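First to last, the protein sequences are chains B and L.
Numbering follows the working numbering, with no gaps: position 40 of the first sequence is 40.
Numbering follows the working numbering, with no gaps: position 67 of the second sequence is 67.
One thing to keep in mind: the hints can contain errors.
What the hints assert, rightly or not - DEER-style ranges, computed between Cβ atoms:
hint, chain 1, residue 1, chain 2, residue 2, range
1, L, Gly85, B, Gly23, 54 to 62 Å
2, L, Ala395, B, Asp107, 36 to 44 Å
3, B, Gly90, L, Glu169, 48 to 56 Å
4, L, Gly230, B, Glu51, 22 to 30 Å
5, L, Ala121, B, Asp107, 30 to 38 Å
6, B, Gly23, L, Ala273, 25 to 33 Å
What the hints assert, rightly or not - Here are the simulated BS3-like cross-link-like pairs (lysine-lysine), alpha carbons at most 30 Å apart as the crow flies:
hint, chain 1, residue 1, chain 2, residue 2
7, B, Lys52, L, Lys64
8, L, Lys149, L, Lys86
9, B, Lys60, L, Lys64
10, L, Lys86, L, Lys143
11, L, Lys46, L, Lys33
12, L, Lys64, L, Lys149
13, L, Lys64, L, Lys86
14, B, Lys52, B, Lys40
15, B, Lys60, L, Lys279
These aren't lab readings, by the way, just hints derived from the structure by calculation.
In this text, all values refer to a predicted model and were calculated from it rather than measured experimentally.
The C-beta atom is built at its ideal place from N, Cα and C for all residues, glycine as well.
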Amino acid sequence: MTGLLPQGFEELEPFVEDWALAGEAARAAARSAASDEERKRFYDAAQPLMEKALAHLDGKPIDVLEGADATLMRLMLALANVYHSVEVLGDQEAENARMRSRLQFTDHAPY
Amino acid sequence: MAEADPASAPASGFTPISQEDLDFLGTDPIPAKAYYDPDWYELERKAVFLRSWINIGHQCEVPKAGDFIHRQLEFANASLLIVRGKDGQVRAFHNACTHRGTRLVREAAGHRSKFTCPYHAWTFGQDGALLSAPEFENFNTTKDECALKHVRTEIVAGLIFVNLDLGAEPLLPQLGDFADEMDTVPVARATEFSEYTYELNANWKIVYDNFQENYHLRFIHPRTGAGGTGPDNPFGYPSRYRFFGDHRGQTIWFNPDVTPRGPVQTAGFIGGAVSAAGKGLMDNQKEQEYFGLFPTFFMLGSPLQNFSHVIYPLDAGRTRGVIRMYWVGEAENASELFARHAGLTMMRDLHAEDVDVIEDGYSGLSSGALEHIHFQTQEALCRHLYNTVVDKVRAYQAEA
Chain B
1 MTGLLPQGFE ELEPFVEDWA LAGEAARAAA RSAASDEERK RFYDAAQPLM
51 EKALAHLDGK PIDVLEGADA TLMRLMLALA NVYHSVEVLG DQEAENARMR
101 SRLQFTDHAP Y
Chain L
1 MAEADPASAP ASGFTPISQE DLDFLGTDPI PAKAYYDPDW YELERKAVFL
51 RSWINIGHQC EVPKAGDFIH RQLEFANASL LIVRGKDGQV RAFHNACTHR
101 GTRLVREAAG HRSKFTCPYH AWTFGQDGAL LSAPEFENFN TTKDECALKH
151 VRTEIVAGLI FVNLDLGAEP LLPQLGDFAD EMDTVPVARA TEFSEYTYEL
201 NANWKIVYDN FQENYHLRFI HPRTGAGGTG PDNPFGYPSR YRFFGDHRGQ
251 TIWFNPDVTP RGPVQTAGFI GGAVSAAGKG LMDNQKEQEY FGLFPTFFML
301 GSPLQNFSHV IYPLDAGRTR GVIRMYWVGE AENASELFAR HAGLTMMRDL
351 HAEDVDVIED GYSGLSSGAL EHIHFQTQEA LCRHLYNTVV DKVRAYQAEA
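Kindly generate the complete structure, drawing on both the sequences and the hints.
Dropping the structure here:
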């Protein structure tokens, strides 16, 4: 597997299929559908690379991200979803997932 | 205006608002029936919802002439067409052809120079005027009489409000200090937003009341609401309540020393602050103000989290809600986009925690088990909403 993500982010490639999704609604659904272990595995891999990834992406015009850069952006936005399960909710995640399924995103943004 | 606490919010430390400051609202128990009875809801529908200013969107949704949005107001069984005209004005009309009532548009939003009815091709301009109608000479009416039915609109802080009562008092003069203050928060300059919606099995007042008291904060939001509590204010109570006629507000206290719970939340906070500062938004001194506009709009005007929440009753026991986080400009870079989404996640998760208690509250009350409910000092805004609704219903009944 090469080229899915920009150079230096290869170790995140196994997460692309499940997490690099377009649209907040899709990412939120993936977060809720994942198991605790899956969320933790993604968080533990992506969080240490967050600063580096955002620094890489900040150097590019946000409205025309393409290919590997757009995929990396989506992975980071999935992290901006999953972090709340791991860092804040903890063992309240399952209850929260049940109730938050009642609050549905209507997507506008390109990512 | 009645000011519950004449002193401005303290810079540090915390003094809860005392009951004496709120005695003017009364202290009696509240009849429970108002929170579930279909007959009472029918009175509210006529006395409140068909006569009040209702937020249905933001002017950033119709930036150019010919841009339109289409919104349903279930409580009125109305379909509204909101259009920006060539003169820049935003107008609202009933989405009903004046020939035989057919819906002019079915899509939620779009852009058109004219609105042509699909049934018999009556064609209306962006200002609602009837421009042409096939064989119009065979009708016994005039084009002036056949303009689209106008609905009043008013824009406050960029937000579009409509009122189905053509004789209603304008909104802005009712708002007291809110009028200027709302103009200083990001929503007034917003160009885009993120949105989530819900439908809950509860009376509209039960839903709205949940979001205007912090008594439940420590029980329902112990983790997500941690930033709203601290050693000085362990229960996270507001530092001020304000009342402007039908409308009400509170100054939300937050802990300046709150510790983020992890590295991503930290990055979200920092990214949000950098972004807000870059747009000049951190200068805003009303960053913790809650603006509650009667009957069912509220907004928290923080530069980092400027969200609005609007509640639309569907019937006595069902409510639709729309929550938006408003953004000024497109995200300029990945860090800003990341921070916006981290904040959005936090907000939705926090709101999700209220779902069960709102629906269970309605479930308990609608059984008829209770004759009364009780509001404490720190549920003063709930009491003010009830008082205001009763005033409207009594005034309506007096007219009849």
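Structure-based check of each hint:
1. L:Gly85 <-> B:Gly23: 54 to 62 Å: Between Gly85 of chain L and Gly23 of chain B, where Cβ atoms are some 33 Å apart, the hint is violated.
2. L:Ala395 <-> B:Asp107: 36 to 44 Å: 42 Å, holds
3. B:Gly90 <-> L:Glu169: 48 to 56 Å: 49 Å, holds
4. L:Gly230 <-> B:Glu51: 22 to 30 Å: 28 Å, holds
5. L:Ala121 <-> B:Asp107: 30 to 38 Å: 34 Å, holds
6. B:Gly23 <-> L:Ala273: 25 to 33 Å: 26 Å, holds
7. B:Lys52 <-> L:Lys64: Violated. Lys52 of chain B to Lys64 of chain L sits at ~39 Å, over the 30 Å cutoff.
8. L:Lys149 <-> L:Lys86: Satisfied, since the Cα-Cα distance of roughly 19 Å is no more than 30 Å.
9. B:Lys60 <-> L:Lys64: 29 Å, holds
10. L:Lys86 <-> L:Lys143: Holds, at roughly 20 Å.
11. L:Lys46 <-> L:Lys33: 18 Å, holds
12. L:Lys64 <-> L:Lys149: Answer holds: Lys64 of chain L to Lys149 of chain L is near 22 Å, not above 30 Å.
13. L:Lys64 <-> L:Lys86: This hinted pair holds, its Cα atoms lying about 8 Å apart.
14. B:Lys52 <-> B:Lys40: 20 Å, holds
15. B:Lys60 <-> L:Lys279: 20 Å, holds
The structure is inconsistent with the numbered hints 1, 7, although it conforms to all the rest.
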